[in-house]
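Work out the full structure: start from the sequences and follow the hints.
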Amino acid sequence: MSLIRIAWRSIQQRGLASFLTAVSMALGVMMVVAVLSVHGVVAKSFRNNSSLGYNQIVGARGGRLQLTMNTVFYLSKPVANIPYEYYLEFVPEEERRAALSHTLREELHAAQWETLNTAMAIDSQHGAGLAALGSQFAGELLEAQGRQQLDLERGGKFSQFTAFAIPVCLGDYFGPFRVVGTTPDMFDQLRYGPASDQAFEFSAGRNFKRWTPEHGYFEAVVGASVAREMNVGVGDGFSPSHGDPEGDQHGDQFKIVGVLEYSGTPNDRAAFINMEGFYLMDDHAKPIDTGELDEDTAAPPGAAAPDGQHGRPETEPVVQSLPVEQREVSAVLVRTSSDIFGMLMADSINKSNVAQCVQPIREITLLFDEFVGPVQLALLVVTALICVVSGVSILVSIYNSMSDRKHEIAVMRALGASRTTVMTVILLESVLLSMAGGVAGWAGGHALNTLASDQIEQRTGVSINFLSLAPPLENLDLWGMGPIIGLVSPELWLIPALILLAIIVGFLPALSAYQTDVAKSLGS
Amino acid sequence: MLHLEGVKKSYLQANGEFLRILDVPKFEVATGEQMVLVGRSGCGKTTLLHIIAGISRADAGTIRIDQVEVNKLSEAGRDRYRAIKLGYVFQTFNLLPAFSALENVLLGMTFARGKRDTNRARQLLDRVGLSARAGHKPSAMSVGEQQRVAVARALANRPRLLLADEPTANVDPANQQKIIDLIRDTCREEDIALVLVTHAREVADQFDRVDRLEDVNRVVSTPAQEVS
Ligand SMILES: Nc1ncnc2c1ncn2[C@@H]1O[C@H](COP(=O)(O)OP(=O)(O)O)[C@@H](O)[C@H]1O
Ligand SMILES: [Mg+2]
Chain U
116 MSLIRIAWRS
126 IQQRGLASFL
136 TAVSMALGVM
146 MVVAVLSVHG
156 VVAKSFRNNS
166 SLGYNQIVGA
176 RGGRLQLTMN
186 TVFYLSKPVA
196 NIPYEYYLEF
206 VPEEERRAAL
216 SHTLREELHA
226 AQWETLNTAM
236 AIDSQHGAGL
246 AALGSQFAGE
256 LLEAQGRQQL
266 DLERGGKFSQ
276 FTAFAIPVCL
286 GDYFGPFRVV
296 GTTPDMFDQL
306 RYGPASDQAF
316 EFSAGRNFKR
326 WTPEHGYFEA
336 VVGASVAREM
346 NVGVGDGFSP
356 SHGDPEGDQH
366 GDQFKIVGVL
376 EYSGTPNDRA
386 AFINMEGFYL
396 MDDHAKPIDT
406 GELDEDTAAP
416 PGAAAPDGQH
426 GRPETEPVVQ
436 SLPVEQREVS
446 AVLVRTSSDI
456 FGMLMADSIN
466 KSNVAQCVQP
476 IREITLLFDE
486 FVGPVQLALL
496 VVTALICVVS
506 GVSILVSIYN
516 SMSDRKHEIA
526 VMRALGASRT
536 TVMTVILLES
546 VLLSMAGGVA
556 GWAGGHALNT
566 LASDQIEQRT
576 GVSINFLSLA
586 PPLENLDLWG
596 MGPIIGLVSP
606 ELWLIPALIL
616 LAIIVGFLPA
626 LSAYQTDVAK
636 SLGS
Chain C
1158 MLHLEGVKKS
1168 YLQANGEFLR
1178 ILDVPKFEVA
1188 TGEQMVLVGR
1198 SGCGKTTLLH
1208 IIAGISRADA
1218 GTIRIDQVEV
1228 NKLSEAGRDR
1238 YRAIKLGYVF
1248 QTFNLLPAFS
1258 ALENVLLGMT
1268 FARGKRDTNR
1278 ARQLLDRVGL
1288 SARAGHKPSA
1298 MSVGEQQRVA
1308 VARALANRPR
1318 LLLADEPTAN
1328 VDPANQQKII
1338 DLIRDTCREE
1348 DIALVLVTHA
1358 REVADQFDRV
1368 DRLEDVNRVV
1378 STPAQEVS
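In the order they appear, the protein sequences are chains U and C. Just so we're aligned: the first sequence equals residues 116 to 639 in this note's numbering. Just so we're aligned: the second sequence equals residues 1158 to 1385 in this note's numbering.
Treat the hints loosely; a few may be bogus.
[Claimed, not checked] Under the rule of at most 27 Å between Cα atoms (straight-line distance), these lysine-lysine pairs were calculated in the DSS-like manner:
no.	chain 1	residue 1	chain 2	residue 2
1	C	Lys1183	U	Lys635
2	C	Lys1294	U	Lys635
3	C	Lys1183	U	Lys521
4	C	Lys1294	U	Lys521
5	C	Lys1335	C	Lys1294
6	U	Lys521	C	Lys1272
7	U	Lys466	U	Lys192
8	C	Lys1165	U	Lys635
[Unchecked claim] Covered by chain U, per the in silico footprint, the following chain C stretches (three or more residues, Cβ under 8 Å):
no.	region
9	1224-1236
10	1297-1305
[Unchecked claim] Here are a few chain U residues that sit away from chain C, every Cβ distance over 12 Å (derived from the structure):
no.	residue
11	Pro309
12	Gln474
13	Val487
14	Asp569
Since the hints were derived computationally from the structure, they do not count as laboratory data. Just so you know, even glycine gets a beta-carbon here, dropped at the ideal spot from N, CA and C.
Structure below.
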């Protein structure tokens, strides 16, 4: 008969009371486990999402956190925009030139030279061959010079630092969800996950394209949660509303061509539309004094198609949706080719007055540290209180039984048990009760986790199983003990904490056992 | 083997006066001797047994068992001495209800040496005729059976002295003789001295030595009060 056996027998003897006490402890521990798990999932999904696949956000000067919240999480008040041409500083020469071929100034320039060339051609019909050739040469040279002055013939300033740059245009809504105007690179180039190596998958359909004969510039992709909550799928259309979720509709313009798989990223809760289509929506052109040209160039595709005689064109129309000068972007997601380049680039951008460059991970970490530390502390205090309450129920249960048990204790003493032995038996009882409750509660909490794991994985991308422990509370600051407590999962602290608690609450009844007057209690 | 000399005990009453219970100039029991202690209710028999067992402490005097002066031991020392040298059978059996018959017997061993001898426990239960009921809880047994388990428990550690405080007072007459025989026989077999308190004349008459506590005790005017 070990002392543990003796303690266990007393627990069994008071079966129902012991059971209820253990249940109260189990509920307490279950709550603790659930709270810790939820916190762990939140922290983990935060961290998962903080490896974003890009390391810099370039946007309008202003709040760094606001820019980050907008761009990474599609949250917070919308930010100001930066000129589209600033985005072009991140793209290589060829791409930039192509994009700038649809600027107003380029078209103006081209129109001027066309007129001039026509004039010269008429002229050369009359003059001698050589002179005509000479003037043609001179003309071409001048034209090239003119183009240079228009700043069209170079690569983006930061393009050699840039692995990829993805523009995003924010500010519109699809129901309660943010609409993100962007390029197909969003899903072609960007990767997510802790190692930034997971590609976004489509549960239905495909990525949107820059232009298709079928939908023109008006293709869209929606996140998994958007598809479910808005009840839309591939083939459905929607119209972003402007400014806020209740804002005015733009008309049913965009066709959904793809639905994203759950990724646990904010992309689950956003709709993505082709930026070219975005610029074609009303209100999206930046007001500029170009009167009639605006009318021409903003003509819908198809109508401006070069071979528009048989309805839909097979190739992208030459005329772009909106001239570059009238375009703006909310932010550019940039992955620099190296961290050093990233720093150089950020410095250079931040010195300019046009834009700012923030490191989203730094902003997220700062934010996390700032509000998660106190939250962790509050959680810990609350869960500790829950356990203390359960502990008190153990105290009450054992203490209530003590008057009945004085006699038993006296008998044990008469059989030769020492004061410390009977005290130990009572303490062991308390420890056993709290451990039994603790184990049951732990299992219960993890069973709940397991039951909820599908939902959790869908909503956060964090996968948990029965045995996964809540991650350490790293941001805790508890009288300088944070780093020690943060070493291991808080669930592992439960064991020593429960034992300590059991000893503390068991102490009073144990003391009463210790002090039992044997001669007196034997008689009763 | 048991020597008491000048043992005194009084209790402080609620009114602040001392109630004298015991003043025993001399009381001795030889090794293996079997004797009966009689006396009217409330005269201090149980108190005396408690003092011998080291459960209560005498105010004065010496209590010696096999050269060990019990009254001079520390409390822990008395606990150990009680566990190893003594067996105690109570009027109300005092089996622990949470434990089976076998476990009740093993309990005493646990406290005495920290290890148990299941074989001896089973032998003892066999000796008291309860080997078939080793796994039963006290609540499932008759009073006679319970007291037999208590006897087995008292003998578990091969004590030198068995104290039995009215062991048959709560037992039906049919079982009374059985239990007395059991106690006397096993004490004889294992050379254990026996001090047995009883009110039953037919029990006392079987013993060679019967001491009246009133004769041993110089305190005569203890109030007649019903105390178990
Ligand atoms: N703890 C105590 N405090 C005060 N009086 C006590 C105490 N224990 C016993 N007594 C008194 O001592 C006397 C002897 O009691 P006890 O030894 O139990 O008598 P017996 O066993 O002979 O019937 C009784 O009068 C009882 O009331
Ligand atoms: Mg008595």
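Hint-by-hint comparison with the structure:
1. C:Lys1183 - U:Lys635: holds (25 Å)
2. C:Lys1294 - U:Lys635: It holds: about 25 Å lies between the C-alpha atoms, which stays within 27 Å.
3. C:Lys1183 - U:Lys521: Judged against 27 Å, a Cα distance of about 33 Å means the pair is violated.
4. C:Lys1294 - U:Lys521: Holds. Lys1294 (chain C) to Lys521 (chain U) sits at ~20 Å (cutoff 27 Å).
5. C:Lys1335 - C:Lys1294: holds (21 Å)
6. U:Lys521 - C:Lys1272: holds (25 Å)
7. U:Lys466 - U:Lys192: With Cα atoms ~25 Å apart, Lys466 (chain U) and Lys192 (chain U) stay inside 27 Å; holds.
8. C:Lys1165 - U:Lys635: holds (18 Å)
9. 1224-1236: n = 3 at 8 Å, threshold three: holds.
10. 1297-1305: violated (count 0)
11. Pro309: holds (54 Å)
12. Gln474: holds (65 Å)
13. Val487: holds (49 Å)
14. Asp569: With a cut-off of 12 Å, Asp569 (chain U) remains clear of chain C, as the shortest Cβ separation is near 45 Å.
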